[in-house]
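Hey, can you work out the whole structure from these sequences and the hints?
Number of protein chains: 2
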Amino acid sequence: MTAILDTIESPRDLKGLTQRELAQLAGELREKIIAVCSKNGGHLAPSLGVVELTLALHRVFDSPTDKIIWDVGHQAYAHKLLTGRRDQFATLRTLGGISGFPKRCESPHDAFDTGHTSTSISAALGFAVARDLQGERNKVVAVIGDGSMTGGLAYEGLNHAGHLNKDLVVVLNDNEMSIAENVGALSNFLNRTVTSEFVHTMKKDLEGFLGGLDRIGRGVLKVAKRAEESLKGLFTPGMLFEAFGFEYIGPIDGHDIGRLMETFEKVKRFDDAVLIHVLTKKGKGYRPAEEKPALFHGVGPFEVETGKVIKGKGGAASYTGVFGEAIRKIAVEDERVIALTAAMPDGTGLTPFATDYPTRFFDVGIAEQHGVTFAAGLAAEGYRPVFAVYSSFLQRAYDQVFHDVCLQNLPVTFAIDRAGVVGSDGPTHHGLFDLAYLRHLPNMVVMAPKDENELQHLLLTAIEHDGPAAVRYPRGNGYGVSLDQTCSVLPIGKGEILREGLDGALLAIGSTVYPAREAAEALAAEGIDLAVVNARFVKPLDRDLILSLARTTGRLITVEENVIQGGFGTAVLELLEEEGIEGVTVLRLGYPDRYVEQGEQHELRAQYGLDAPGITARVRTFMKR
Amino acid sequence: MTAILDTIESPRDLKGLTQRELAQLAGELREKIIAVCSKNGGHLAPSLGVVELTLALHRVFDSPTDKIIWDVGHQAYAHKLLTGRRDQFATLRTLGGISGFPKRCESPHDAFDTGHTSTSISAALGFAVARDLQGERNKVVAVIGDGSMTGGLAYEGLNHAGHLNKDLVVVLNDNEMSIAENVGALSNFLNRTVTSEFVHTMKKDLEGFLGGLDRIGRGVLKVAKRAEESLKGLFTPGMLFEAFGFEYIGPIDGHDIGRLMETFEKVKRFDDAVLIHVLTKKGKGYRPAEEKPALFHGVGPFEVETGKVIKGKGGAASYTGVFGEAIRKIAVEDERVIALTAAMPDGTGLTPFATDYPTRFFDVGIAEQHGVTFAAGLAAEGYRPVFAVYSSFLQRAYDQVFHDVCLQNLPVTFAIDRAGVVGSDGPTHHGLFDLAYLRHLPNMVVMAPKDENELQHLLLTAIEHDGPAAVRYPRGNGYGVSLDQTCSVLPIGKGEILREGLDGALLAIGSTVYPAREAAEALAAEGIDLAVVNARFVKPLDRDLILSLARTTGRLITVEENVIQGGFGTAVLELLEEEGIEGVTVLRLGYPDRYVEQGEQHELRAQYGLDAPGITARVRTFMKR
Ligand SMILES: [Mg+2]
Ligand SMILES: [Mg+2]
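Chains as they are written, first to last, in the numbering used here: chain A, 32 to 656; chain B, 32 to 656.
Heads up, none of these hints are tricks.
No copy labels: a pair is met if it fits in one copy or bridges any two.
With a Cα cut of at most 20 Å, we get these calculated EDC-like pairs of lysine to aspartate or glutamate: (1) K655 with E610; (2) K197 with E296; (3) K299 with D93; (4) K197 with E278; (5) K655 with E609; (6) K197 with E412.
By construction, these hints were calculated from the structure, which means they are not laboratory data.
This is the structure in structure tokens:
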């Protein structure tokens with residue numbers, strides 16, 4: 032059934048295919064993508080939406096000489112299948128397998144690594160400038176979704192690219208949604224389309240009108256000329272992009288290979304900055320994904336025939352779900368609570384809150400910077416905004432956290448989901464840096480719950496705290512512990528002793544607390560008697576508790592799901608130095624100083640020695656030292 | 032001569048003034064601003080440009096009930112003078128004095144702290160949403176410059192604000208420049224103004240034309256209606272903002288108080304999002320500043336009569352200047368070198384490079400995120416981009432450094448100016464976090480030169496390094512050391528012993544190396560014999576050297592101009608833990624866990640014990656421990 036795909040070793044092999052064969056190949060690509068995603072999970076709907084677009088790009092342009100840069104990159108599955116990775120495609124998103132995103136180290140056809148949104152125009156401009164400096168003539172193409180276009184970085188890139196007017200192609204892949212519904216002016220622009228008949232009629236009439244203006248003289252004629260130029264784009268969504276200095280073409284049907292090829296052929300001869308507006312359907316060609324594009328945006332394993340998502344081991348509620356319920360509960364009592372998301376109402380668990388409190392819920396679009404500063408404004412007026420955001424995406428607003436929230440000591444809560452390793456999305460999406468990049472900011476309180484029940488209490492603690500506070504928690508299910516009906520404020524900077532012990536103390540934070548306790552039990556059976564602390568707070572630390580354990584046991588082991596530089600364990604080292612405590616031996620466990628690859632969370636935790644057996648083994652060695 | 036100003040205790044006192052009195056007050060404000068800036072230095076030109084605007088805002092709106100949010104905030108001097116801070120104004124920007132930026136802690140009239148660009152629309156939207164939730168009726172006004180409008184955050188804010196269409200006033204203060212010339216599409220928009228006569232004529236003609244279209248039927252009529260609506264803005268710079276969902280008014284003369292008051296009075300009755308486009312002249316009313324607005328953007332002390340800038344103690348070249356010469360020198364030999372700035376060609380020392388290598392120089396506008404990702408694209412194609420940027424502004428691109436540069440291990444050099452305390456600009460501008468926020472990123476090399484000569488060598492070392500590298504250096508003059516004619520590559524991760532000693536080792540980085548050596552000499556006279564190391568590298572550390580000194584002396588003192596959490600000293604603690612070194616006593620000197628106030632660099636270093644006497648005193652105490 033993949034008769035043609037099996038013959039494609041590189042994009043060159045597309046050149047000889049007829050349109051009919053390309054259409055068949057589109058079907059084969061979809062089949063393959065659906066089959067692999069149904070097993071491995073993945074970004075199915077975005078990738079299905081761009082199959083024809085990918086074929087047309089690779090048919091017309093000459094990758095890797097021509098550069099194709101996929102914004103976000105989760106739509107690049109067909110690209111991967113056509114560029115020599117067909118046989119590895121079954122390993123998509125698995126440990127040691129090929130990435131779900133473009134990776135320069137995987138293929139010369141992956142011009143630029145992506146994963147976060149809105150980077151492609153800026154990067155493509157870099158490629159275009161480099162080409163011109165080198166006197167080369169290759170084309171550079173950025174493919175960016177309508178959602179990604181709402182990020183400020185895309186605007187900055189458009190602005191500079193239009194200004195330089197380099198030979199650069201931006202393909203705007205408009206599927207009228209990013210992950211959730213789009214926000215803001217840009218989507219208004221894109222929805223302004225009128226049928227081309229009307230445009231045609233209007234233009235003809237207008238030409239006559241403008242002709243008649245001649246008599247009014249040169250000044251008005253110049254104005255009129257501009258009117259004509261502007262009107263050309265005015266009735267299409269091109270207005271904005273032409274204003275930015277781009278030639279605008281479109282909108283065109285993104286599932287019509289012939290039309291796409293024709294357009295790309297034409298554009299290949301241009302040497303200006305041009306934006307091609309392509310309309311696609313997310314999930315195209317697989318009915319369940321077409322019907323539920325948000326569900327199939329990034330999906331776990333599912334049954335191909337029915338589209339039924341296969342439930343994991345199930346049972347325990349997810350941290351995300353518990354957060355969503357907790358904030359709803361807290362909002363009943365506290366009218367100051369406002370919830371914010373950057374285009375992730377489902378992913379962050381805020382959809383139920385949005386339903387209950389539509390006036391207290393804001394989806395700011397893919398715009399983390401704005402989300403944080405907007406929250407600061409709300410907080411300055413007495414509200415208690417909670418920005419629910421993935422750890423790796425909050426990185427995009429580091430300066431706004433610094434400048435708009437912490438500097439003014441404003442009570443904004445950061446509910447940081449996907450902290451720690453996230454699994455198959457890999458290094459762009461792991462949340463392994465937040466403890467380090469938040470801890471050094473003055474006024475910030477940084478905490479992490481040991482389980483999903485504690486998450487509720489820490490969320491309330493953060494909201495009630497009269498300053499900035501972050502609660503970080505992992506992707507995936509909790510432990511199935513029972514959930515207290517009422518949230519309580521826990522004392523800031525106070526940890527919890529889970530186990531007494533005399534030989535040393537395991538200081539664990541967040542998702543590592545349960546495995547650390549398990550490790551301690553295993554070691555107890557070997558005669559090593561360790562205290563176990565649920566630290567709860569990375570900042571401020573529970574100084575008294577940690578110092579007392581340092582003094583009584585002489586050995587501290589810190590455990591965290593964060594990069595080892597500058598995180599929780601480092602904070603403990605700093606505390607000992609500040610207090611001038613001597614003679615304490617410390618071992619810090621965390622992720623090393625490199626980007627962590629993709630893999631299931633449990634696989635990565637095992638590989639990096641952060642599950643119970645790993646902690647046990649490393650602590651055993653340490654205790655022999 | 033400040034007869035009226037002396038009677039103004041709060042904006043309420045403006046309400047009774049005639050237009051003639053307001054005009055006189057404008058003169059008095061200018062006089063006061065010029066007088067104080069001539070002594071203390073400051074953002075003279077931006078503040079002079081908005082005197083009438085400030086008067087009109089405070090005359091029409093009722094601060095602090097109505098909220099005025101100043102983007103960046105360096106133009107708020109007249110605002111400060113009118114809101115109860117006339118008598119403290121002489122302390123502007125000095126240690127313990129009033130800030131050069133709005134500060135909530137200073138006055139209820141300062142609605143929101145600013146300092147970095149492009150935050151005001153997002154913050155104002157937060158205020159507007161809060162007001163509506165509370166059922167209040169106050170107005171919210173954001174005042175933003177054309178330069179700030181090029182930042183992605185401003186776009187994100189506009190996009191969301193237009194979407195929500197809250198009662199919100201954005202005043203676009205268009206002086207056709209930010210600090211340097213503006214970049215990109217937005218400035219094209221703003222320059223599209225045609226005289227209002229033409230617009231009027233054109234509109235009248237068009238109305239007739241559109242009226243005649245009736246016969247074509249309803250469909251075309253709808254299109255025509257849109258044409259009319261769009262044309263309304265088309266010939267003014269309002270097109271863009273109307274498309275974003277804002278009502279557009281302007282452009283109006285920003286020095287015509289009557290016209291401004293009239294406009295604000297009208298807008299006060301609106302309850303939609305409205306943008307008022309105001310044209311001002313930077314430096315207005317002080318000829319030297321009008322003639323050299325870039326020089327007088329942020330200026331040191333000067334002679335009022337001549338506008339001649341008073342040279343400091345002079346002599347030694349500035350780090351900025353040495354950087355500018357060094358990159359020019361390196362670029363002769365290495366064609367791969369490209370220099371980038373985010374709207375700071377003068378401030379970063381790149382103007383000479385731009386003159387010599389116009390095709391290899393890029394001013395990306397106030398768009399640090401784009402600058403970094405653009406650089407990553409250039410690096411992916413074999414170039415060696417050098418992004419010259421202030422430490423506190425690079426914070427705005429933390430995720431792009433993470434995601435686009437470090438993750439792909441691309442050879443981008445970050446030339447980080449204004450690292451450490453910067454002086455009178457205060458906490459928003461101090462560069463006290465870069466060692467912490469860069470050090471935990473995989474693949475990043477982080478270095479700092481001990482003096483201006485070493486800066487040259489480290490710059491070449493960074494450029495030659497086949498991966499990301501940061502060189503950070505302070506604001507201000509170097510030591511006047513002689514400058515080697517040739518730049519050399521220094522070994523990565525190797526420090527330099529400046530003094531041998533047996534009682535302990537002072538490990539210093541960057542600007543603290545000379546004071547640390549001085550401290551060691553002072554202590555030697557007291558019989559305390561300390562080694563002194565110029566660490567050069569914060570990452571990777573010179574492990575062998577540090578470990579050897581730890582073993583031989585047993586005492587390490589780290590000194591850095593960075594926040595104490597997660598910086599250089601912390602890296603040393605981590606190294607000792609990783610190597611399992613016991614029995615070493617460490618003292619880390621740096622800035623504490625809070626925002627550092629404004630003041631001269633030497634004052635702040637003295638206050639925080641980071642000058643030679645401070646280091647001497649603290650090390651003396653430590654050595655007695
Ligand atoms: Mg989309
Ligand atoms: Mg300006």
